[in-house]
Amino acid sequence: MPSRRCEFIAGVKAELPILLGVSPFGMIYGVLALSAGLPATMAFMMSFVVYAGSAQFVGAQLIGTGAPGIVIVFTTFIVNLRHILYSASVAPHLKRLTARWRCLLAYLLTDEAYAVAITRFNKEPAPPPGLPSTEWYFLGAGLAQWSVWQASTAVGIALGTQIPPGWALDFTIALTFIALVVPALTDRSSVAAAVSAGIVAMLTASWPYKLGLIVASISGIVVGLLVEAPRVSIGRQQ
Amino acid sequence: MNCTPLALGLIIVSMGIVTYAIRLSLIMLLGRVEVPPLMQRALRFVPPAVLSAIIFPELLRPGGTVNLSLGNPRLLAGTLAALIAWRTKNVLLAIILGMLALWMFQVALPE
Chain A
1 MPSRRCEFIA GVKAELPILL GVSPFGMIYG VLALSAGLPA TMAFMMSFVV YAGSAQFVGA
61 QLIGTGAPGI VIVFTTFIVN LRHILYSASV APHLKRLTAR WRCLLAYLLT DEAYAVAITR
121 FNKEPAPPPG LPSTEWYFLG AGLAQWSVWQ ASTAVGIALG TQIPPGWALD FTIALTFIAL
181 VVPALTDRSS VAAAVSAGIV AMLTASWPYK LGLIVASISG IVVGLLVEAP RVSIGRQQ
Chain B
1 MNCTPLALGL IIVSMGIVTY AIRLSLIMLL GRVEVPPLMQ RALRFVPPAV LSAIIFPELL
61 RPGGTVNLSL GNPRLLAGTL AALIAWRTKN VLLAIILGML ALWMFQVALP E
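Chains A and B are the protein sequences, given in the same order.
According to the working numbering, the stretch in the first sequence is residues 1 to 238, in order.
According to the working numbering, the stretch in the second sequence is residues 1 to 111, in order.
Any given hint could be a false lead.
[What the hints assert, rightly or not] Residues of chain A placed beyond 10 angstroms of chain B at every Cβ, according to the derived structure:
(1) 6
(2) 122
(3) 146
(4) 150
[What the hints assert, rightly or not] For each label pair, taking beta carbons as the anchor points, the in silico distance ranges come out as:
(5) 71(B) with 159(A): 28 to 38 angstroms
(6) 164(A) with 33(B): 48 to 58 angstroms
(7) 29(B) with 207(A): 29 to 39 angstroms
Just so you know, the hints here were simulated from the structure itself, not pulled from any lab data.
Backbone N, C-alpha and C define an ideal beta-carbon position, used for all residues, glycine too.
Sequences are here, hints too, so could you generate the full structure?
As structure tokens, then:
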């Protein structure tokens, strides 16, 4: 019994340093969702229902530009597809849990909670079968992340209602994306993916229904794969 | 933004369903299904591709008209933020200085 509480608290503690970085983003999301034109209730509902930082930023931006629902939902799908890797990665560790546990932990499976939970799962020794523990660690990390995200979002929304439109805070969306993308451009293929997606986005910017965004994103991904491909085959020959 | 609260609510709920379905998918399949290697490789390019596809028009086509000149405050502020992010890898610093730069350029540059 005490092992559950220990694991839960250890999970919360492991998540804390990450939360220092997460809370400013929650606030920025709140502010920019309002400046994109979302009503405060809808901006907060998105944090609760979608609960995925980057998809919320992109979603708020697209809603603000009047993109059609199907384009917004499909873009959310592309942006969040990386979570399938997390889902695959934690699946073997959650095998013995009930469906209810697995449904709850899936909701909490953000980038940050995954990063913390998987380090615990990979740490040996695994708990003996039948003895609940590491899922409580995941739960602690996930709930800590969730609470801070909701709270910081609410603070951002409250701030956002006080900020006059003349401040051009909608630009924080573009700035956030720039600040996230640029440090991740560490090799030729990721640069190629970014630049080609940007060029295609410019060429297709006047297309209706924001379809250009989807075409540009897929072009970037394909170009990234093509540029990366030769190096992979060289690696295999050695 | 030009849709009804109901439509907006439906969009957000659909975004939530899609996100949750992805997260739950392989957890429910209990690891019986693996992610294909090509998809694993492709996922790495999703953030740079999607985010750049949003950034480029925001900087180079503010308000719907292409503006590649030095009189475009968003282009200048965005480029500065990119340089700061590249040199320092500090996301918040890049956002704050980028925003300050935008306000400065908006005042300093003729419309």
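For each hint, the structure was consulted:
Residue-level check passed: residue 6(A) sits 24 angstroms from the nearest beta carbon of chain B, beyond 10 angstroms. Taking the minimum C-beta to C-beta distance to chain B, about 15 angstroms, the non-interface status of residue 122(A) holds against the 10 angstroms cut. Every CB of chain B is more than 10 angstroms from the CB of residue 146(A) (nearest about 13 angstroms), matching its label as outside the interface. Residue 150(A), annotated as away from the interface, keeps every beta carbon of chain B farther than 10 angstroms; the closest lies near 14 angstroms.
Roughly 31 angstroms separates the CB atoms of residue 71(B) and residue 159(A), a value that falls within the hinted 28 to 38 angstroms. Remark: the range hint 48 to 58 angstroms for residue 164(A) to residue 33(B) is upheld by a beta-carbon distance near 51 angstroms. Checked against the hint of 29 to 39 angstroms, the C-beta distance between residue 29(B) and residue 207(A) comes to roughly 37 angstroms, which is consistent with it.
In this structure, none of the earlier numbered hints is contradicted; all agree with it.
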